[in-house]
Every structure is written in C-alpha cells, then in structure tokens.
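For chain W, the structure is supplied; the task is to place chains V and E on it using the hints.
Chains as they are written, first to last, in our numbering: chain W, 69 to 565; chain V, 1304 to 1817; chain E, 150 to 646.
Worth flagging that the hints you see were computed from the coordinates, not collected in a lab. A hint or two may mislead.
As the list claims (entries may be wrong) - Calculated cross-link-like contacts (lysine to any residue; reagent style SDA-like; alpha-carbon spacing at most 25 Å):
1. E:LYS308 / W:VAL501
2. V:LYS1506 / V:HIS1810
3. E:LYS440 / V:LEU1467
Please read all numbers here as calculations on a predicted model, not as lab measurements.
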Amino acid sequence: MNTADYLALLTALAPEVIVVLTALLVLAVDLLGLQDTPRSYRMSIAAGLTTLGCAGAVGWMFMNPTVGNWHGGMFVIDPLNETVKAVILLLTVLTAMLSVDCKFTRHVGEYFALLLLATVGMMFLASTEDLLMIFTSLELVSLSLYVLVAFNKQSRASAEGAMKYFLFGGMSAAFLLYGFSLLYGLAGTTNVPRLAQKLFALGPDPLATVALVMVVIGFGFKLAAVPFHLWAPDAYQGAPLPSAALIASGSKVASVFVFAKVLLFGFSQHGWGDGDAAMGGWIPLLSIVAALSMVLGNLAAIRQTSVRRLLAYSAVAHAGYMLVGFLALGSEAFGSLLFYVTTYALTTIGAFGVLGVVESQVGGDQFKDFAGLSRRAPVLAWGLMIFLLSLAGIPPLAGFFGKFYLFAAALTNDTQNLPFLWLIVLGIAMSCVSLYYYLQVLKQAFVVAADEDARPLAVPFLAHAVVVLLAAAVVILGCFPGWLLDTLHQAIGELGR
Amino acid sequence: MNGLPLISILTFLPLVGAALVFGVGRERRQLARGLTLAVNILALALVATLWANTNPADGAMQFVERHTWIPTLGIEYHVGLDGLGLVMLMLAALVIPMAVLASEKIEENVPLYCGLFLFLQGGLFGAFTALNFFHWFLFWELSLIPAFFLIKLWGGPQRSDAALQFFVYTMVGSIALLLAFVGLFLATGTFDFTKLAELARTKALGPAVEAKFAWLGWGAGKAYLVLFIGALLGFAVKVPLWPFHTWLPLTYSEAPTPVSMALTGVMSKLGVYGFVRLLLPIFPEPMQALLTPLLWLAVATIVLSTFAALAQRDLKRILAYSSINHLGYCLLGVFAAASATGTALDRTAALNGVVLQMFNHGITASLLFCFVAFLEDRSNGARGLDDFGGLRKVAPVFCGLMGIALFSSLGLPGLNGFIGEFLIFKGVFPLVPWAAVLALPGLLVTAIFILTVIQKVWCGPLNEKWVGFTDLTYNEGAVVFPATLLMFVLGVWPQFVIAIINPTVAHWVRQMPF
Amino acid sequence: MLAWTIYLSFAGALACLLTPRENPRATRAVAFGTALAGLMCALIGAVQFKPENGLEVITNVRWIPALGIDFSLAADGISVTLVLLTGIAAVAGVLFSWNVEHRTNEFFAFFFALIGGVYGVFLSLDLFLLFVFYEIAIVPKYFLIAIWGSTRRDYAAMKLALYSFIGSGMVLIGMLAAYAVSGLASFDLQALAQHSFAPEFQRWAFPLVFVGFAILAGMWPFHTWAPTGHSAAPTAASMLLAGVVMKLGAYGCLRVAMTLFPEGLKMWQHELAALAVTGIVYGALVALVQKDFKFVIGYSSVSHMGFVLLGLVTLNEIGWSGAVLQMFSHGIIAGLLFGVVGRMVYDRAHTRELDKLEGMGLLKAMPFAAVTFVVAGFASMGMPGFSGFIAELQVLIGAWQAFPKLAILAGVGIVVGVVYTLKTTAKVFFPDQPEAAEPHDPHAHELEPISVQERLGAALLILCTVIVGLHPRLLLDFIVPSFKSPLFDGLRKVAGL
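Only chain W is shown next, with the shape it has when bound in the complex:
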C-alpha cells in the first residue's frame, strides 16, 4: 500500500495514536523527570497528562467526524464506534482521577502507561469488525489488565487475583481463538458481516455450534457471566482500586460492545434479526447463561461482608441483565444495551470512588468500615446511596431506566408470544433480592452510628469532585435519559444496516 493510504489510515487512527503517545509521554516524563518528587505530585502530573491526552483524543473525534472502513473491516469508524470510544475515554479519565490519591505503588509512570495502553486496546476493540483484530485487541486489553491487577507488590491478594485472572483469561482466550479459527474454517473469511452471510449459506452445522459455544465462553469470561465468573471476586478484591474500577467499567463497555457486534452481525442473517434468529441456537444458550448469572450473582452477593466482593458479584448479576439485551434482536435492544452498560460503568466507577476513600481512610472494605459514613463524609455517603440504589434499579436513577428500557425492548420484539418474559420475571425478582444487600451497605452508612472516636474523614478534593459529578450524572441520566438515548439511536441508525 502506498504512503497516501498509510497516511490516511494514520489520520483515521488519530485518536488511538494520541492515546499511545500520551502513554509514552507519561512514562517518559515520570521516569526521566520526576523520580525524586513526592508520589502524590507525580500521580497528579501523570493523571493530568492522561486527562489531556484522552480529552485530546475525544476532541479530535468530535472535530473530525469520519466514516470509513479500512482493510475489509479491520478498522472501522462510524458514529457509533466514536460514541463508544468517547465513553471509554471518559471512563479512563475518571479512573485516572481516582488513582491520584492512591498509595499502592511507586511505579507511577508504568501504571498510567499501562492504563492508557489498556484503553488503546479497548478503543481498537470498539472499532473493528474483524475476528483477528478482535482477538489482538482483546489480548492487548487483557494483558494490560493482568498486570494492572497485580500492580500492588505489597499485597498477596493482588498477586493472587491477578494470577486467577490471568489463568482464566488465558484459557478463555484460547477458547476464543479456537472458536474464531473454526469460524474461519467454515466461512473462509474473518470479516464479521461476511461471516454471517457465509454461515447462513452453509445452513445448520454442528461445527458452527461448537464454534459458537467457544465464542460464548471467550466473551462470557470477559463479561463475568456464569459459569465464567470465578475470577471476578478475587480480582476485584485484590486489585488496586483504579484497576478494579477500570475492569468493572471500561473493560465491560468495550467487551459488551464487541460481543454484541459479533453476535448480532455475525450470527444473525440480516444483522438485526427481524425475528429469524440466526444460526445455531445461540439464543437459548445465552438465555441460560443470563439466567444463571442473574441468579448466582445476586444470591452469592447476599452472603458477602466485603464491599468489593459484593460489587464483583453484582457485576456478575448485571452481566446477566445485559445478556437479556443480546437476546432481543433489533436496534432498539442494541441501543438499550449500550445505554445500560454506559450507565452501569459510570455508576460503578462512582461506587469505587467512594470505596477508595473509605479503604484508605478507614482501613478496609468490610461493611463495618462504612459505619456512620453519613456523619463522617456526608457527600460520599449520599453519593454511595445514589450509586447503589441505581444498581438496585430504583427510579429515578439511571440504573432503573436502563433496566426498564432493556426489558421493554426485549418484550416489544415479539409481542405475540413474549418469549423472554420468564427471563424478565427472573431479572426483576433478582433485582428485588439485590435491594436487600445494597440496603445492607447503606444501612451501615446511614443507620449505624459510628464509633465514639470516629472523626470526619479527610476526603481528597478530587474524590469529592468525581463522586459528585458521577452522582449528578446518574441522576440526570435517570431523569432525562433522552439525550443519551437519542445519540445512541441516531448512531445506530447511521450504521446503514
């Protein structure tokens, strides 16, 4: 290919390039210039640079909206991708802000560089429609995340969590690759839309089913769906706070997006289904996975006393709810799914933000460490209330609307038979269960009195800012979801399918 093409490609890749450059810059600045300065200073600079870089990438995307498709779907830009990438970048910025006051490492530059590299991986993940690229980006994300989880060298839990994450991840990556290779073998192409056409032409084939199962295993791991979720509690618990936050938010958004694309465009004939679900019965399979995730995630969360593990199991449960969005084929459902995962990500980061302050100031993440939070750090406590209630699905918060829209979209797909009603009933029932354990945490924060000698917490300004912003976002998205929904729907509409 000639230089003109190459330049054009680079220009299209500008956001990713900007982020990569930022990563290198942060690494360089920190390693070369700041070794002797206090850690908090270094953290702030690194976070600042990260923010600038991500903002720059987002700004570029806004100012140069392009549409394009390079190398047969290996790199695609369309409004939807750009929206998802913008969300991922935002999440990264928030994670960076949360990292500023953390004290788990002295390798600041490395940490932020890895963070940004993971982000790059996610961005690529969002912009591709080719199986190989998917795998490669996924690996970039995963490898970065493995290291990020292990980053706290003083903590055994960190290493253990990372180990589990790595082992599971490696295994599921193998399954994914194997599945992809089978698909290539069957269809002769790695481009996802063309894959769909070829598979349909082929008709029902046991090999395709095997491939499908393997793909589901691979992606299910990333989503923390049952029974591929076993890494989640330990990883969430052991990882340093920002890493856990990123896994819970950005990684989720990217993987949901790409999983949806593969399933909806790759495994159904016309992309949106129109009712003919596809080859190979992935719908029943996914329904079972969804049901199991919802049930297990919620039931396991009841017994937890550690807020981190609770959030991990809650992530499993929410993966279950999100899978419902996959089942109902159609642009409506796709839009609802993206809305859901975005608001979920924002809420989770907020929760982690509060968690971070409590951990560093009070010393742990057990329920009892939250006692009397409403007195000791009222802003954080009310923020926590908003985040947890949103996760439980209480209106008028974003989580409620997300679930509502998701379930409504699932039902309106086929109004004669209402095929997923049982799943929705299960989902709502499990939401009721979830209210129980979220209220347990809130009970500690609001009802239980703090110890006699408990003093107000010294909350860093940045933590306050992040929590307030995110809480406001959750409330606003819950009350006025229109603008985000419209953006998503418009972008989906322009996909031209």
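Quick look at chains V and E alone, frame taken from chain W:
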C-alpha cells in the same frame, strides 16, 4: 310554630348543652347539675309546645323538615312527628331529668356524667323523630356511646363486662339491621321510612326485594323474609325479646341506678319503637308469615322473665326481669296486630295499648329504679331482697309512694300500668286468643313477685339495721311526687294521651295491607 | 396548582436536608412550612377543580419519546380526594414529630421525599411516571424506620422495603407486558385503558398487577409487613405508612390494574373478594389478642384496608365510591390512632404493652389523649357521625349487591372491630381497678403534658373525620362523578353499568 324547625332545635339543644356542660370544671358539681336541669326543662317545654301544637286528628307526620344530604345514596335529613313520636319525646323529656335528679350521690366527675346524659337525650330525640334510615341509625348508634360510658365509668364491680356486653350485643343487632336496610336500599333505592312504608302498603316492596335478589335463587318470598329477620335481630336485642335478653340483667344491675332508669325508661323503648315504626309498616307480610314463632317468643319473654324475676334476690335484677316482662306485652301486641285474621278495631286496640304501655312503663319503671336508688343511698349499696324488712315503720312516705309505683307495675286498675296492659289484651284476645291465654300466667306471677318485694322490704318485722332509716327527703320527694301524680292522672284519665295516640294508630291500621 | 404539591415537597426535602444538623428548630420550621404549603396547594386545587369535567390534565410534556413516555400529570375527583388526604396527613405528621431531636434534618428530608412520591403517584397520568413515583417512595420508608424506629426496626424496615419492592416488581412485569402487547408504544394511562387486551392476557396480567399493588395495601395474606412495620416505625412514619402509603397500593389497584384490565377483574372478582374479607375478619380477630398497643392498631389497619379492597372488587359504583372514601377516612383515622399511641402515649410512657399501660393512670395524666383516642376509636369502629361509617356503608351496599354472603362476613368483621377497640380503650385509659396507691411507674403522674403541636394535629384530624362524617358530600361530590370519565369506560362496561 310557623316554619321554625322545632324538631331540629329540640334535637340539637341537648347536644349543645352537653358540649357546654363538658366544659364545666370538675369541681363545679352544682353548676353542672344546674345547667343540665336547665337544658332538660327547656327541652320539656319544647316538647310541651309541640304537644300543644299538634293537630290531634291528623294521623300523618307533622312538623316535617326535609333536606337533601347525600343524594347518591338516597339519604335525606327527614324528620317528622306523629302521635307515637310525640309520646316518645315526652317520655325522654321526662325520664332524663328524673334520672339526673336521682344522681345526687354521684361525686366523681359530675360534669362528664351530666354531659353524657344530655348527649343521650339528644340521641334519643333524634332517633324518635328521624324518618330516614341513615340519620335514624346515626342517632341510634350515638345513643349507645354515652350509655356505654355511663355504665363503664360509674357502675358497679362488674361494670366493664356489663358495658362491653351491652355495647357488643347491641352492635351485633345493629349490624344485622344495617345489612337488612342496605338490602332494602338496593331493592328500592331509598332509605326513607315513609316511602318504604308506602311501598309495603301497596304490596310493592316484597316484589321489589324479590326482583333484586332473585339471582340468589332462594325461592319466592325468602329474600324479603331474610331482610326481615336481619332487621328483627337488631330490635330484638334492644327490647329485648327472649332469647336475646341475656345482656340485660347484668347491665341493668351493674349500671349506676340513675342510668338504669334511663336504660329501662327510654332506651328499651327505642327497641319497641323500632318494631312499631320500622318493622310493622315495612315488613307486614313477613311478620305475618312468621307470626306463630314470633308470638311464641313474645309469650316466652313474658312468662319466663316473670319466673326468673321470682328467683332473684337482688332488687335491681328483679326490676330488670320485670322490665323484660312488661315489654314482652308490647311485643305481644305488635305481633298480634300483624295477624291475618281480625278486625281493625282489635288491631287498633292492641297498638294503642302498645304505645300506652311504652309510655306508662317508662314512667313507672324509671320511678321504681329511682326508689331503689334511694334505698341504696341509705343502705350503702345493699339492695338484696333480704337486706331489708319492715321499713314501713320508719319510712312510711317512702313506703307509700314506692308501693304505689309497685302496684302500678303490677297493673292495678286506677294506676297507669293497668290501661296499657288492658288494651293490649283487649286487642290480642280476639286476634290470637291462644297467645293471650298463654301470656296470662305472666300477669299472675308478676303479682306474686311484686307483692313479695313489698312484703320483704316494707312489711314484716323491722330489721334492726335500719332503725336509723330516714324517710324521703324533700329533694327526693320533688322527684317522685310529680311522677306519682302523673301515674294517677294517667291511670284515671288516660284519654289525654290516647287522644294523641289514637289517630296515629288508626292511621297505621288503615295503612296495613291486611 | 395541584402539581405544585409534588414540586414543593421535593424542594422541601432538599431544604430540610440542607438545614444544619444542630438546629432542629430551623428544620421544623422549614418542614412545617413545606407541609402547610402542600396542603394549601391541595386545597386550592380542590376548590378550583370542577368534578363535572372528569379528568383534568395538568401538564403533559414529552419526556422519553423512544418509549412513548410523557411527564403527564392529571387529576380527577379521586386524585383530588387523595391529594387532600396526603396534605392533611403531612401537616399532622409534622406536628406529631415536633419532638424528634436526633438527626432532625435527615428525618424531615426522608419524610418529604416520601410525601412527594405519594403526591406524584396520585397525580400521574402516565404509567411509567406513576411507577417512578411509586418506587421513589420505597427508600425513604426504609430509612425512616431503620434510623428512627423502635422495636426490631432493622428487621421491620428491611421487610417493608423488600415486600414493597417485590410488589412493585410484579407491577413492573405487568406494566412491561401490557406495554409490549398493546403495541401502542405509549405509557399513557388513557390510551392503555382504552385498548382492549386479550382476555387470556388479562387472565394472568390482572392478578399480577393487582396483587403487586395490593401487597402494599396490606391484602391478606401478604399483609405481614404491616403490623411489624407500623409498630417499629416512628409515629410520623406510622401515620404516613398506615394512613397514606397503604392507600398508594389501593390507588394503584384502582387506577392501573382495574382500569387497564377490567375483564381480568371480572374473572378474579370472587377470589379477590374472599381474600379481602379474610383480611377484614382476620385482621380484626388478630387485633383482639395483641398485647402491644401499636400492634393492635397495625392489625386494625389491615382490617380496614380489607374494606377498601372489598369495595374495589364489587364492580359497582357505590362500592368503588365507598372504597375511595374509606381510603380517605381510614387515612385520617389511622393518623389519629398512631398519633395517640405513638406520640402521646409511647413517647411518654416508653412502653406499649397493654398490661403495663393499664397501671399507669393515663386518664388522669393525659385526659386529652384519652378523649382523642376515644373519638378515634369510635371513628375507627365505624360509628355513624364519623367518616368511616359512610365509607363502610357504601362498601357494604356494594358488597351486598355482588357477594351477599361475604357482606355478612364483613359485618362480622365490624363487630369484632368494635370489640377490640372497646377493650383496648378500656384497658389503657379506663382500667377497672382504681389507680393503685403506688402506680407501677412512680413517675407516671409526672408525664409531660400534651404539647400544643399534638393538640393541633389531633384537632385537625378529628375535625376532618367529623366533617366528612356529617357532610360526606364534600368528598362524594368529587369522587362519584369521576367514575363517569372515559378512563372508567372499560370498567363500567364490564360492570354492566
């Protein structure tokens, strides 16, 4: 007189008075009592005015007031007065002051006590003049509340049980009554007594009820019968009719005696009033259909109560059972008037007797309880038959006046107790002779226990305990003397009451569909 | 004007939260002002309302076009009645809570959040909006009981929250299903009411939604949250819970379940009536044997709500009108009862056991409380002259038409009601034995006198029940014409009216 809503004024006067009296301080007993009596006298004057201005020959409702209240439920504020109502109002206006005057020995929280009596009087006035079920029921229930408190707060050792029993029994009956009238409303769309009576008279009520409840599939006439039984229950408890009388002896004996005066004097008459005003005009056919069992029950009431009275040793309990007995005659008369065979004259006689008996017994029985109160005052609460003896020697006036009252209760001609019973039997004999015959032993046994009372309490050797027994004081005399005079007057010249009652009764008999 | 009740309440909640914790007087002033303002708006709205117009739309703003959701508020006679009830209950609640010292600002913040949600439910014309307000009311209830409650408050609060959430979960399922099946792409109640759903659909949708709402209304056998909840709650919360929140459930039954699925009602009429009557009788019988003052009232609430439910399922206008009037009447009466039991007696005597209270000579110590309780007791019994009688009379008339045998059972329930009310009144205020020479509690006669605020609150409530009892047309003129509006067309057709 001309356009003044006299009945409403009469009804609300005691209620307003009650509010005023409640506000009097606890220690100002005389003020409370005085205020109460003033209100009572005012009420009496109003009733007298009504009496004087009633057109005697007209049997229909007079002083009618009518206002819409809840149109969607066919509820109006509809009040009116006929002979029966007038007589009942007079009774209430007379008995309540007597009871208040007999309450000299009540010391605790007198304003509350007097206020409750006024409240009771208001409720009674309202119930006797109401012509729409809704506010009739309102006043019926409202009169229960002061009675409950009067028994509960000032009564004897078992007062809690008595008050509770009284209230609950009456409530059960009330609910049955309510359900029955709700059924009537559903069938006819009205709660108005006069309209319902009109429908019954034209024999249209039965078919309307049947049509409404035909879907229940109970068979012809059954729905009407069921509604009748429901309503019957309500009043049967109040009068009471055997076997619904079991609440009465305990209540009457545990209530403070002035309250027993009111209970027996007026409140039990509410029940008979219900039979006459509501049941007979609105349910004539079912009453006729159930005539035999009802007559048996009336006879049982009359006879069994007298035997029970004979077995009692407590004066109040004797009087309680005696009350049941006397009201049994009323019920006998009412049921007989519904019999299929008989002339209008006989029915008129029976019903005249019923109303007269209500009035006379009210006066007499209250007076008797009043005397028992006086006895209790002197004997520190002892009121057993065997506690006394030979009191005639130490308290001759007391003995004489009480004797008169007792003889009146017995039915001695010349006193007011006779004429009512006489008229009832005069009417019942031709209508249902067997019932009249079976009821006769009641008269006999009544005589026995009353004479026993006279003998045990007044005659015989003087019980040493009572050497210091005082005779009637002037205050007490002020209460009983006029009443005794009234008894004589009514006994010798019943005409002045009958003149009021008869046109109304004749009007009813003409309205009867048989 | 009526919509201002909602906005003012939420604004008031925020204002109360922002008043300083150490200054309860300021908070009380704000709280009283908010409650009074709400009542004023309700009264003005009621005066301006013209019953002949049927349903009057207040606002209608496009909210989430993707789902056909509008921010749509409207009022008919029923709404106006219940809004009035809420206003009165709010004022009385604030008056009875004047002695709350602990975390006063949060108390009133939660209080008004709850009130705002309640106002919202009564005025919503959009099903989604109604549901949002309905759920908003759940969380404040939890905290009100958990933080300021008494016996077993943790358990009671969680039970209440979970039962409510499960109930609303059931409603959510029905709502989503109705939305999907109707194909109208709208949540407007009028549109949904006019759509005729297939009978087979209504067969399961109706009981689901009705029972979902009826759980909150205390329908037997799902009523078990009510006695525990009411007893554990602080006085104002009990007043609101029994007085207003239970009516939310009944209102939902009427406004949503019955209007949308009238044929469904016809199918399940007799079963539901049987449950309602069971509630009436069971509630009364159990109240008879209680040893705790508040539990007596709690079970009596279950019994009275049974009348509401019975009236609703009679399928005739008198029964419905009786049900709505009973909602108002019981709301006031429950407020009175809990005000006496909770505020006047318990806050002073610190015990609720009937046996202990018997020896305290309460009649001498607080005659005002005795009189108020006597009045409240007679009103609760259904004595004519108070609002309860007219309401129960209408329900009985309606029930007599539809299920005569059940009507008789309901009558039995009334009698039992008389018995337990009298017994409890007698036991607590008019005990038999003259006060012991040494009362059980030597300080019994030093109980603080009844404050002005309590007297005001009690007077307000007594006045309401007496006025409505003697002149029910004040409310019936609102209630009865509302059944003629188009919203009730389907119901009237099924009822044969």
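Outcome of the hint check:
Simply put, LYS308 of chain E and VAL501 of chain W have alpha-carbon atoms about 12 Å apart, close enough for the 25 Å limit, and the pair holds. A threshold of 25 Å between alpha carbons decides the hint, and for LYS1506 of chain V with HIS1810 of chain V the separation of about 17 Å falls inside it, so the pair holds. For the hint linking LYS440 of chain E to LEU1467 of chain V, the alpha-carbon distance of about 19 Å falls within 25 Å, and the restraint holds.
Comparing the model with each earlier hint shows no violations; every hint is respected.
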